[in-house]
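Using the sequences provided together with the hints, build the complete structure.
Its first residue numbered 1116, the sequence shown is counted upward by one per residue in the working numbering.
Worth flagging that the hints you see were computed from the coordinates, not collected in a lab.
This one's a predicted model, so the numbers in the text were calculated from it and none came from an experiment.
Mixed in with the good hints, there may be bad ones.
To be verified - Restricting the straight-line Cα-Cα distance to at most 25 Å, the calculated cross-link-like pairs of lysine to any residue (SDA-like) are:
| no. | residue 1 | residue 2 |
| --- | --- | --- |
| 1 | Lys1258 | Asp1303 |
| 2 | Lys1141 | Ile1211 |
| 3 | Lys1258 | Phe1199 |
| 4 | Lys1286 | Ser1250 |
| 5 | Lys1286 | Glu1233 |
| 6 | Lys1286 | Asn1148 |
| 7 | Lys1141 | Phe1199 |
| 8 | Lys1141 | Asp1162 |
| 9 | Lys1141 | Ser1128 |
| 10 | Lys1258 | Ile1159 |
| 11 | Lys1141 | Asp1303 |
As the list claims (entries may be wrong) - Just the calculated beta-carbon pair ranges, DEER-fashion:
| no. | residue 1 | residue 2 | range |
| --- | --- | --- | --- |
| 12 | Pro1133 | Gln1256 | 21 to 27 Å |
| 13 | Glu1300 | Gly1225 | 25 to 31 Å |
| 14 | Glu1273 | Asn1325 | 20 to 26 Å |
| 15 | Phe1283 | Gly1126 | 24 to 30 Å |
| 16 | Ser1155 | Tyr1192 | 18 to 24 Å |
Virtual Cβ for every residue (Gly too), placed ideally from N, Cα, C.
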Amino acid sequence: MTISNYFVESGLSPTAVPIIPLGPIKGVVMRDNLTSQLASIDQIGTDFAPNIGVIPNGLTLLQVGSFSILDTVAFDYPPSEGGFLHFLVAIDPLYIPSAIFLYYNYPSFGETIFNLTESNQRFDRGFDYIIGNASILQQTQYKSHFVILIFRTMQAIENGTQIETDLFTSKGDLAFFLSTTFTGEILDAPILGTIFRLRTPSTIFQTTNNTNIYDPSGSVSSNFISFRKLIIFIVVQIVYLNLY
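Next comes the structure, spelled out in structure tokens:
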């Protein structure tokens, strides 16, 4: 399957990702924000349950293992040297709630392995994020859909305040952020991307025991609903024309 197949058949494009990346990312390493444990994903479209390992004292299984931090990216064909790379991590972009993490202004050196967590005082790199504030039903295992997109600009993005504002306005809605905001316009089209699903014992989203709350797999975003309505409308019109 091509990267276009993965993005279209998963429903991500054009619903949440209007422009499909030009090519796939070879692999990524995700880091748990509390334990620093790593999860390596080396195949697009994979469904993976990371090994949690030993839980540090003072923490419970419900607190660790969300793996929301992008640690390392590997390329088959790295972006050329020059300009700046911007890495976007979207979690559950077709559902409510959803989240966006944006790592921006990383100089491109044409390397096949890119470690985002290495400290480098020479370059003023940025990070910001938004996590939707809706709640999901508490579970023993969470199935989170991840989308990683890489953008390249020749100039650094200078207005960090604008990025913060745009993320806040989006409320974690990836389609809104990419298509409507000033930052999304600057980022333009992604050059590389990947998608995968992680099964983890914890989640970055607020949880509740209220059974009236929809499971995230059943609570879809307004963009996804609108897309489905459009498809149904087109099918009905085609059938009507064939009949009459």
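Exercise for the section: Could you check the structure against the hints above and give me the numbers of any it violates, in ascending order? Expected result: Hints 1, 2, 3, 5, 12 and 14 are the ones this structure does not satisfy, whereas the remaining hints hold.
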